[in-house]
Amino acid sequence: MFDQDTLPKGLRREHRTKAGVWALIHVLEGRLRYRTLDPPSETVLTPEKPGIIQPEQPHEVEPLGSMRMFVEFYAVEDPPAA
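Mapping of the sequence shown onto the UniProt record's numbering: position 78 corresponds to residue 78, and the numbering continues sequentially without gaps.
It cannot be assumed that every hint is accurate.
To be verified - Ranges between beta-carbon positions, derived for each pair:
{"#": "1", "residue 1": "Glu-72", "residue 2": "Leu-37", "range": "18 to 24 Å"}
{"#": "2", "residue 1": "Ala-19", "residue 2": "Ser-66", "range": "30 to 36 Å"}
{"#": "3", "residue 1": "Val-76", "residue 2": "Asp-5", "range": "30 to 36 Å"}
{"#": "4", "residue 1": "Ala-75", "residue 2": "Gly-10", "range": "17 to 23 Å"}
{"#": "5", "residue 1": "Arg-13", "residue 2": "Phe-70", "range": "18 to 24 Å"}
{"#": "6", "residue 1": "Gly-20", "residue 2": "Glu-48", "range": "26 to 32 Å"}
{"#": "7", "residue 1": "His-15", "residue 2": "Thr-46", "range": "18 to 24 Å"}
{"#": "8", "residue 1": "Pro-47", "residue 2": "Asp-5", "range": "17 to 23 Å"}
{"#": "9", "residue 1": "Pro-39", "residue 2": "Asp-5", "range": "28 to 34 Å"}
{"#": "10", "residue 1": "Gly-20", "residue 2": "Ser-66", "range": "17 to 23 Å"}
{"#": "11", "residue 1": "Gly-10", "residue 2": "Ser-66", "range": "19 to 25 Å"}
{"#": "12", "residue 1": "Glu-60", "residue 2": "Met-1", "range": "18 to 24 Å"}
To be clear, the hints were calculated from the coordinates, so they are not data collected in a lab. The structure displayed is predicted, hence computed values, not measured ones. Ideal Cβ placement from N, Cα and C applies to all residues, glycine included.
Build out the structure end to end from the sequences listed, making use of the hints.
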């Protein structure tokens, strides 16, 4: 669980999951900007709108004010469609 103050710097800059690992970003309170870098896109995540991280996809996140979030990781061959 992270908030706007405890979100690690490593998640705020480009990073990626390993091959075969995908994840769901869950925002519990507030808003979080989720950027994928290849292909480029930007989405604002909220409690009603989680984010999907595809395996090996470069991405970064940015808190938009006060927020609380966590990431749920999965290791499977076929992640859900974005």
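Results of checking the hints against the structure:
1. Separation of Glu-72 from Leu-37 is about 21 Å and conforms to the stated range, judged on CB atoms against 18 to 24 Å.
2. Separated by about 35 Å at the C-beta atoms, Ala-19 and Ser-66 satisfy the suggested range of 30 to 36 Å.
3. Between Val-76 and Asp-5, the C-beta spacing of about 33 Å keeps the proposed range 30 to 36 Å intact.
4. Distance hint check for Ala-75 and Gly-10: the Cβ-Cβ separation is about 20 Å, which falls inside the suggested range of 17 to 23 Å.
5. At roughly 19 Å, the beta-carbon separation of Arg-13 and Phe-70 lies within the given 18 to 24 Å, and the hint holds.
6. Remark: the range hint 26 to 32 Å for Gly-20 to Glu-48 is upheld by a beta-carbon distance near 28 Å.
7. One distance hint, 18 to 24 Å for the beta-carbon pair His-15 and Thr-46, holds here, with the actual separation near 22 Å.
8. The hinted range of 17 to 23 Å is satisfied by Pro-47 and Asp-5, whose Cβ atoms lie roughly 19 Å apart.
9. With their beta carbons about 31 Å apart, Pro-39 and Asp-5 fall inside the hinted range of 28 to 34 Å.
10. Between Gly-20 and Ser-66 the C-beta distance comes to about 34 Å, which lies outside the given range of 17 to 23 Å.
11. Taking the beta carbon of each, Gly-10 and Ser-66 are about 21 Å apart, inside 19 to 25 Å as hinted.
12. Take Glu-60 and Met-1: their Cβ atoms lie about 19 Å apart, and the range 18 to 24 Å holds.
In this structure, the one hint that does not hold is number 10.
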